[in-house]
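Chemist: Sequence:
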Amino acid sequence: MASNPNVSVVEGMDINPEEAECAGWIEVASKKKKLAERADCNACNAPTSATGSGKGGSRTAASQNVLRRVVKASRIPNLPRDHFKTIIRPRGGMDVKKTDLLIFKRSLAKAASLTAEQVFDDTPCTNPFQNIFVVATPFEANARAYARVQEISMGLTVIGLAAYVAASDNTCKGVIRGINVDLSDAEPTEMIVNRRNPDALGVQRIKKTPTVIVLFDEQKVPQHVVCDGVRYPCSLYRRQVDVCYACGDLGHRSDVCPKGDEQKKCRGCGMQSPSPDHQCDPTCAICGGAHPTADRKCRRRFQVPYIVRQRRRRHRRRARRGSDTAGGEEGLAEEESFSSAHRSRSASRGRSRSRGRSGSKSRSRSRGRDKGSSRSRSRGRSGSKGRVQKQMSWADKARMNIPSGQKVTQGILPEQKREQSEILMLKKENAELKEALRTLRAEFELFRNSREPREVATPIPVQAGGSNKRKSVSPPAIAERVAMQSDESPAQVAEKNVLASLTAIEESLKQVREALAIQSSTIERMDGSVSHLTRRVGILESKMKMIDSSKLKTTNTGTIAKAKIVQQDSDATSSPQAMFLQ
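Residue numbering for the sequence shown is 47 to 628, as defined by my numbering.
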C-alpha cells in the first residue's frame with residue numbers, strides 16, 4: 047500500500063470558477079453529514095475576510111473598504127450547520143428582495159413534487175447582494191429534489207432557475223489542472239476519491255476544461271493528489287469576487303442581474319448609463335489599478351481563503367507571543383539572578399561550591415539546571431521549614447498584574463489547600479452522619495423495648511354459694527354481691543362476667559395490635575434510614591482513604607526527591623576535592 051502524501055496548507059492559484067453550471071456537492075454533503083452524525087463532531091463555518099492577496103494596483107483605504115463590504119455582504123446567511131444547503135440562482139431578471147418567500151417556497155415545493163408536510167422543516171432565505179436564494183433542509187431527498195428544479199411558476203410568470211447543493215461546512219477545495227477532458231464525470235471521482243487520498247470527498251470538473259475542483263475534509267489541502275497512480279500538484283481554491291458585466295456592480299453575476307438597461311454603469315469610471323462609444327481612464331474599485339473593476343489583470347480580485355486567514359492569524363499570535371516573551375526575558379533573568387543569589391547566601395558552603403563546579407562545566411547545562419532542578423531543590427529545602435516559595439514565570443505575573451520584582455510566597459499550594467478543605471468538609475459530614483446514626487439507634491432500641499406485651503388483669507369467676515373471705519374486693523365479688531341482691535341466678539351472673547371479661551380482652555388485644563402496627567412501620571423506616579446512613583458513611587470513609595493515599599504518594603514523591611538531592615549534596619561534599627577545600 048502506498049503511503050499517504052504529505053499534507054500541508056498551500057497558497058492558491060488564480061482560476062475562473064464556474065460552479066453555477068455543475069450539479070453541486072450533494073453526494074459529498076450527504077457523506078459528510080453521515081460521518082458527522084457518526085462521530086458527533088461540530089463543523090465550523092468558514093467566514094470570509096476582507097483582506098486580499100496578489101499583485102495589482104496599490105490598494106487604498108476606499109478600495110479596501112469596498113472589498114470588505116463586498117465580502118461581508120456575500121456571506122451565506124446563518125443556517126443550521128448540519129442541514130443541506132441548496133443555492134438557487136433565478137434567471138430572467140428576478141429580484142429576490144421583491145420576492146415573497148412564502149409564495150416562493152410553495153412554488154419551489156410544487157416544482158420539486160414535495161408536499162407541505164415534507165417541506166415543513168425547510169428554511170428558505172435570500173442573499174440580496176448576490177441576488178440568490180438559499181434553502182436549508184435536514185433531508186437529503188429534499189435537497190436532491192431542489193437541485194433538479196429548472197423552473198418554477200409564480201402566478202402567471204415562469205421563472206428559470208439554476209440550483210446546486212453547496213459544499214458542507216468544515217471542508218476546503220483544491221484545484222488540479224491537466225485532467226484529460228475525454229474522461230467522463232464519474233471517472234475522475236473514482237481515480238481520486240480512494241484510500242490513496244484519504245481526505246478527498248468529491249470531484250467536480252469546471253465545464254469542459256482540464257481543471258477539476260477537489261473537495262477535502264477538514265481545513266487542509268495536500269500539496270499533491272494521486273490520480274490513478276499519477277501525482278498531480280494541488281493548489282488552494284480561491285473564490286473570485288463576483289462582478290456583473292451587464293450593470294457593472296460588484297457582488298452578483300450577470301446571469302442573475304436584476305437591473306435593467308437604465309441602471310447600467312461603466313466598470314471603469316462608474317458613470318451611470320454610459321453611451322456605446324464611451325471612453326474613460328479605468329480605475330479598479332478593488333485594487334485602484336488602471337484597469338476595469340475586477341478585470342483579469344487584477345490580482346486582488348480573489349478572496350483570501352479562510353484557512354489562509356486562519357494560518358496568518360496563528361502566525362500573528364505567535365509573533366506577538368514571541369515579542370512578549372522577548373520583552374519579559376530581562377525581568378525573568380533579574381528575578382532568577384536574585385533568587386539564585388538569595389539561595390547561595392542561605393545555602394551551605396559545600397553546596398555553593400558544588401553548584402559552582404557544575405556551572406563551570408557547561409553553560410547550557412547549568413542554565414537547564416537553574417530553570418528545572420534549582421527550583422525543585424529550593425522548593426524541597428523550603429518545604430522542610432513549613433513554607434513553600436513558588437517561582438512564577440513572567441507571563442503568569444503579567445496575567446495576575448504582579449510586578450516583576452515581587453516574589454510570590456504562600457503557606458501551602460492551591461492543590462493542597464483544596465484537598466485540605468475537602469477533607470475537613472468530609473470529616474464534618476461524617477461526624478454529623480455518625481451522630482444521626484447514633485440517635486436513630488437509640489430510638490430504635492427504645493421502640494424495640496416498648497414492643498413487650500402488657501399485663502392484662504383477667505377476672506376470676508366465683509362459684510355460687512362459696513365463701514368470699516378476701517382482704518380486697520375484686521370486680522367478680524362485687525358482681526356476685528349485686529347478683530345476690532337481684533333476682534338473677536348465680537349461673538346467669540357467672541355467664542355475664544365471662545362475657546364481660548372476653549370483651550375486655552378483645553379490646554386490649556385490638557389496642558395492642560394497633561400499637562404494634564405503628565411501631566413496626568416506624569421501625570421499618572428507621573431501618574431504611576440506618577442502612578442509607580451506613581452506606582453513606584462507607585462511601586465517605588473510602589473517599590477519605592483515597593485522599594489519604596494520594597497525599598501519602600505526594601509526600602513519598604517529595605521525600606524521594608529530597609533524598610536524592612541530599613544524596614547528591616553529600617556525594618559532592620564527600621568527594622576528595624571538597625574535602626581538600628574544606
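I should point out that these hints are in silico values taken from the structure, not numbers from a laboratory. The beta-carbon is built from N, C-alpha and C at its ideal position, and this holds for glycine as well. There could be a bad hint or two in this list.
As the list claims (entries may be wrong) - Okay, the calculated beta carbon distance ranges per label pair:
{"hint": "1", "residue 1": "Ala365", "residue 2": "Lys143", "range": "42 to 48 Å"}
{"hint": "2", "residue 1": "Pro279", "residue 2": "Pro244", "range": "39 to 45 Å"}
{"hint": "3", "residue 1": "Asn124", "residue 2": "Ala482", "range": "54 to 60 Å"}
{"hint": "4", "residue 1": "Leu470", "residue 2": "Met572", "range": "26 to 32 Å"}
{"hint": "5", "residue 1": "Met592", "residue 2": "Pro123", "range": "51 to 57 Å"}
Chemist: If a hint holds in the structure, say so; if it doesn't, say that too.
Modeler: Hints, one by one, checked against the model:
The given range of 42 to 48 Å is respected by Ala365 and Lys143, whose C-beta atoms sit roughly 44 Å from each other. The hinted range of 39 to 45 Å is not satisfied by Pro279 and Pro244, whose Cβ atoms lie roughly 18 Å apart. Remark: the range hint 54 to 60 Å for Asn124 to Ala482 is upheld by a beta-carbon distance near 55 Å. Leu470 and Met572 have their C-beta atoms about 30 Å apart, which keeps the hinted 26 to 32 Å range intact.
At about 53 Å, the CB distance of Met592 to Pro123 agrees with the hint of 51 to 57 Å.
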